[in-house]
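**Q** Fit chain H to the known structure of chain U by using the hints.
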Amino acid sequence: MSDERSELLQGTLEMLALQTLALEPMHGWGIAQRIQQFSRDVFLVAQGSLYPALVRMKRRGWVKTSWRTTENNRRARYYELTVAGHRQLDAERVSWARASSAVNWVMTARLTPEVS
Amino acid sequence: MSILTDIVERVRALLFRGRDEREMDEELRFHVEMETAQNRRSGMDGVEARRRGLLALGGVERTKEEVRDARGTRWVEESTGDFAHALRTLSKSPGFVTVAVLTLAIGIGGTTAVFSAIDTVLLRPLPYQEPGRLVRLYQAYGRASAPRGFVTPVHFLAYRAQLSSLQATAAILTYSESGADIGGAEHPERIRVLPVSADYFAVTLVPPRLGRGFEAAEENGAPVVVLSDALWQRQYRGDPSVVGRQMMMSGKSHAIVGVLPPGFADPVAGAIDALVPIDVTPGKDASNASNHYLTIIGRLRPDVTVARAQAEVDGLDRALGVQYPAAKEKHTGIEPLKSDVVAPVSRSLELMLGAVGLILLLVCVNIANLLLVRGSERGREFALRTALGADRSRLVRQLLVESLTLALLGDVAGLVVARLAMSAIVVLGAGTIPRLEQLSLDPRLLVFSLGVASLSAIVFGLAPALRAARTQPGDVLREQTRSTAGSSGQSRLSAGLVVSQVALAFILLVGAGLLLVSFERIRQIDLGVATNDVLAFELNLPGARYDSTARGALYERFARAVEAIPRVRAAGGVSKLPATGGYNSWGVQALTGPVANSRAGSIGAEERVISGDYFRAVGIPLVAGRIFDGRDDARSSHKVVVSKSTADRIFPGVDPIGQRLNTGGLDCEVIGVVPDVAVDAEGKRDSYVYHAHAQFAGDRNWALTQVVSAAGPAMTLVPDVRAALAALDPQLVMYHPMPLTDAIGRGTATRVFTMRILVCFALVALGLAALGLFGVLSYAVRMRAREFGIRMALGAPRGRIRLSVMKQGLGVTAVGVAVGLAGALALSRVMQSLVFQVSPTDPHVLVGAAVFMALVAAAAAYLPARRATSVDPREVLQ
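Here the protein sequences line up with chains U and H, keeping their order.
Quick note on numbering: the numbering used here labels position 107 of the first sequence as 107, and the sequence is numbered without any gaps.
Quick note on numbering: the numbering used here labels position 188 of the second sequence as 1188, and the sequence is numbered without any gaps.
Hint data in this document are derived by calculation from the structure and do not stem from the laboratory.
Just to be clear, a hint being listed does not mean it is correct.
Distance condition first, Cα-Cα at most 27 Å in a straight line; then the derived DSSO-like pairs of lysine-lysine [said to hold, decoys possible]:
(1) Lys1252(H) - Lys1284(H)
(2) Lys1064(H) - Lys64(U)
(3) Lys1064(H) - Lys58(U)
Quick caveat: nothing in here was measured; it's all calculated off a predicted structure.
Looking at chain U on its own, in the form it has when it is part of the complex:
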């Protein structure tokens, strides 16, 4: 089972968390679960880095927090995207698209006869 799992790509945790929160407000554990689910169990969020990342995101004004009760009637801190957070997600989505296609171009490059 652990064979298919891999560490998150450097610097993508915040983008993934933003994307998760864009769907609906969620608590920390839920964010980790969602990322794992959506990545079809490929990404296992190193959870020791999730909470510091959430604090940083809050400090930058991308998310706001509130204490709510879960469907199981437990108190949990929920994170919710702010307008700035939505903007940040859009910006990261664009730069991710550019970066990933750039990586793909490099990885799919072949030497052609014309190039000596």
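**A** Frame of chain U, contents of chain H only:
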């Protein structure tokens, strides 16, 4: 925007750290529980499920640390930790802290107080609009010794009417500035009244806060008055309806027309209680073109330079010289008012600044020494901590925070000292240093003093801290256990600091010593008058109730009444006390004798109007002829008594008695000769001409200063004299009674002020030098305790060890004194202008200062040596 959010969020995190911590705990607990529950659902047993949950989180404590890091408040938290640690460490050595904080407090406090005094008097602009355009006009006449004399009313009116360089020109009567009695018989108060021309307000551009200023039509001495804010508050409790009311001044009713703004002070006369209009009518009489008594201030038009205004004044002076024969050979100078007001005292302020600079240097050296010594003593502690893995940068930071804490403590204490020192400066200089009463602690000074403290902390804290961080822990630990003395580099540094400390203190001591000797010399000056057991006070006879005849009669009757008091030897009055500065310097022309009516027979002399038995009251003996008596009244021909040099100059080789001279437009007969007396406190003798008040009361209201000589202390006479005055007229005020020595001493106030401050500084410097010397020497001795122990164990006598320590201490001190001597000699030119009848290189002063330093050094070396050698050697060697 996001930066702002970031900062707000960080500050919030800082403020609500407790809540954040609790919430973080709860959030992480929730996480672990959710994880555990999920693991259990997938079939694990409870313990394993929880273990895995915790594992997934990556260690709760580590996560917590990382979350804390992410809040971005860690450095502040650590700094507060450092701060608390610094306070704990410092509280363990209260002696060190006390000395360091006191040193800083004295340094910062002294600097701040003197800086504010200099700022107030020298740097801050005058409290008038566009003060740069204010000028003062001086007239030179007669003798060259009075180049900055008063201006005649004739010149004033001409200047005011014709000078186009000045947009306004005003006259002030500081020359015979007088007082007025107010408040009636119940609570008589004497106030300072300054007569000014109507343009006064146009020159200063200070409008009254209530009512109006004066009008041109009132420039005939009209009975109107503008009150100072202080007098208005004092007498009328700030009642705004006071304008238009009448106020009795010296028995004459005056209409109150205005009130000055708070804090207003005349640029020349300083703080005053009230303004009245000047009388300019004498200026319309051309014969007054040689009558100098006005102080003239003006406001330059924009874009007009002082030089251009001076050129215009010169041209006008030439025209006036042609128009009025008496105005010939007069030269009027124009100077910016600011330099004028502060010029006489800027020298003493500069000296104070220099003294403060030296003190501050001394403080720096002291603090450096203290921190160095402390740093060395703690070298082992730091080495141990480094060896055990403490972060060196953290160590440096901790030391810095420690010195910063020390500096802040010193700063707080320094501000307290500054407040006290400023009050002291105001008290010491009140009335003699212009504008000093406006001295206040200003917020910029707070920044200044904080800067001084922080800078010193960084500089002094950094050196020992860096050294502590640089050293190899192993070396230090080895050296500290084995060596018997501090490292040679370190002791060289300490010796250098002691030398500089001794040198600086020596220079300050020499300066203070020279001034003390000068002060003593001034006190021993023969002024030509006997000042012991003489009471002096002012007595004004209000013009409304006393005409000239009544005034002449009353002063004589009063003198007789006072002389009837037992113990009183003689009583009299004079228009201006001797040794309190020049006053009425009039031209005197011999009308008879060998140089009659020639240039050689024309001199300037100090004119004095006297009543009663003035000469006997102040101990001026009669040399020839007679003094005034009952025969010399307003009806008889005018008589004068002249001083010896007056007689010698205008009646050379003949008997002056019976000769005639002209002064103040009067033809006078010389009836007596007395010795010259000093005109200033430094004992400069001058030529005098004395007039009898009974003959001269019509000239003006002279408000004679009364002098009473008695057997016994002067002040014990006050009740009897007051009773004698009340018997004559209960409404008269005996104003400012004081011993004549004090009244004359006021003339030396600036010098005394400077000296007092320098003496205080010297004492402080001596204390600081002694403290520093003691600290460093005792440290050196403590470092050698082991060596002493070995030597004693090997049989060296204690006395010899103590002697060697003393020798070492005195040797370093001797080098310091030598350096200080060189410095004092280099500064002797600066000191020259401030000392009086003593050479700046006076050997007594230099030797005295050196001996004093040696004694302090001997004590500072002996005490620790004694302590180090009085213990059992076995104890030291263990």
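**Q** Taking the hints in turn, state whether each one holds.
**A** Quick rundown of the hints versus the structure:
This hinted pair checks out: Lys1252(H) and Lys1284(H) have alpha carbons roughly 26 Å apart, not beyond 27 Å. Distance restraint check for Lys1064(H) and Lys64(U): the Cα-Cα separation of roughly 20 Å lies within the 27 Å cut-off, and the hinted pair is therefore satisfied. Note on Lys1064(H) and Lys58(U): the hinted pairing holds, with a Cα-Cα distance of about 16 Å set against a maximum of 27 Å.
Violated hints: none; the structure is consistent with every hint.
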